[in-house]
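Whenever a hint applies, use it, and build me the whole structure from the sequences.
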Amino acid sequence: GAGVSQTPSNKVTEKGKYVELRCDPISGHTALYWYRQSLGQGPEFLIYFQGTGAADDSGLPNDRFFAVRPEGSVSTLKIQRTERGDSAVYLCASSLPYNEQFFGPGTRLTVL
Amino acid sequence: DQQVKQNSPSLSVQEGRISILNCDYTNSMFDYFLWYKKYPAEGPTFLISISSIKDKNEDGRFTVFLNKSAKHLSLHIVPSQPGDSAVYFCAASRNAGNMLTFGGGTRLMVKP
Chain A
1 GAGVSQTPSN KVTEKGKYVE LRCDPISGHT ALYWYRQSLG QGPEFLIYFQ GTGAADDSGL
61 PNDRFFAVRP EGSVSTLKIQ RTERGDSAVY LCASSLPYNE QFFGPGTRLT VL
Chain B
1 DQQVKQNSPS LSVQEGRISI LNCDYTNSMF DYFLWYKKYP AEGPTFLISI SSIKDKNEDG
61 RFTVFLNKSA KHLSLHIVPS QPGDSAVYFC AASRNAGNML TFGGGTRLMV KP
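Protein chains in written order, with the working numbering: chain A, 1 to 112; chain B, 1 to 112.
Keep in mind the hints are simulated off the structure, nothing from the lab. Even glycine gets a Cβ: it sits at the ideal position worked out from N, Cα and C. One should not assume that every hint holds.
[Said to hold, decoys possible] Chain A side only, calculated, beta carbon under 8 Å to chain B, not exhaustive:
#, residue
1, Y18
2, Q41
3, G42
4, F45
5, Y48
6, G51
7, T52
8, G53
9, D56
10, G59
11, Y98
12, N99
13, Q101
14, F103
15, P105
16, G106
[Stated by the list, open to error] Simulated crosslink set (SDA-like; lysine to any residue; CA at most 20 Å straight-line):
#, chain 1, residue 1, chain 2, residue 2
17, B, K54, A, S38
18, B, K37, A, N99
19, B, K5, A, G40
What follows is the structure, given as C-alpha cells:
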C-alpha cells in the first residue's frame, strides 16, 4: 500500500511570505505527527493529531505556525510571515494507535 | 537540553563485521525506544523498537539492547552490509504512540 506522502517536495519562498505544506497519511492511520529537521540534527517534534484534534501542539515554535487536519486524514502545516530560520525539512509521520510512526519523504523549505 | 543523545556522529565498519550504535537518554519517563534509518532525501524508516519492560529485542540482523539503569540503548547490526550505510537515529517517547524525541543521529559507513 501507499506510504505517507508529502507535497511539495521542495518549496522556496521569500522572507515574509505564507506557505502551506501538505501531508497525506497512510490510509487508516488515526495519528499524524509533524516534525522539523534542521541540517545535522535529528527531527524535532512540532504537533500531533489524534483524529481531527491536535492532541499535543507543544512543539510549535511560535504563533506563526499552525496545523489543521479537518477530516481526520490529510493535514496541512501553515507558516505565516516566514523567516530564514524556518528553513528546514518538514517531516510528517502517521501511525496506528500506540504503534511505530511511519515517515514521509519530507518537504524541504528554503526561505530566502 | 538534549534528552536523547548519540555521541558518535559517525562510525565506519567493514562489511561482515558487527556495527554497534549507541544512544543515551536523560528522561526517566521515557518507556518506549525506537531506531530509525535515514537515506539522503528520504524520510526516516522504522527499524526496530523496544519497550522498557524488555532489555532486548531482535529482528533478523538487528538487535536493540536497553539498559534502563544506565539510561542507555544500543543497536547491533550483524553482519553489516554496504546497504546498511545510512544515518541512524534513536528516538524515545513516553508510551508508544506519543511524540518522539530524537537523538542527533550517527552516520554509519559499511565498507565492502
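| query | Are K54 (chain B) and S38 (chain A) close enough, with their CA atoms no more than 20 Å apart? | reply | Violated, because 32 Å separates the two Cα atoms, which is more than 20 Å.
| Do the numbers back the hint for T52 (chain A), that is, is its least Cβ distance to chain B under 8 Å? | Violated, about 17 Å.
| Proposed interface contact between G53 (chain A) and chain B, which counts if any beta carbon pair is under 8 Å | Hint on G53 (chain A): violated, closest Cβ of chain B at ~15 Å, above 8 Å.
| request: Starting from K37 (chain B), check that the Cα of N99 (chain A) is at most 20 Å away, please. | output: Cα-Cα ~17 Å, so holds.
| Hey, does the P105 (chain A) contact hint survive, CB to chain B under 8 Å? | Since the shortest Cβ distance to chain B is 5 Å, the answer is holds.
| message | Please check whether D56 (chain A) passes as an interface residue: C-beta within 8 Å of a C-beta belonging to chain B. | response | holds, 6 Å
| task | Would you check whether G51 (chain A) satisfies its interface hint, that is, whether its CB is within less than 8 Å of any CB in chain B? | result | Hint violated; G51 (chain A) Cβ to chain B Cβ min 13 Å, cut 8 Å.
| task | Assess, step by step, whether the Cα of K5 (chain B) is no farther than 20 Å from the Cα of G40 (chain A), and give holds or violated. | result | holds, 13 Å
| Y18 (chain A) as an interface hint toward chain B, with CB separation required under 8 Å | Given a least distance of 25 Å, the restraint on Y18 (chain A) is violated.
| field | Satisfaction of the F45 (chain A) interface hint, Cβ to chain B closer than 8 Å | value | holds, 4 Å
| task | With a cut-off of 8 Å on the beta carbons, see whether G42 (chain A) makes it to chain B. | result | holds, 3 Å
| request: Grab the minimum C-beta distance from F103 (chain A) to chain B and call the hint holds if it beats 8 Å, violated otherwise. | output: With a closest approach of 3 Å, the F103 (chain A) hint holds.
Comparing the model with each numbered hint stated earlier shows that hints 1, 6, 7, 8, 17 do not hold.
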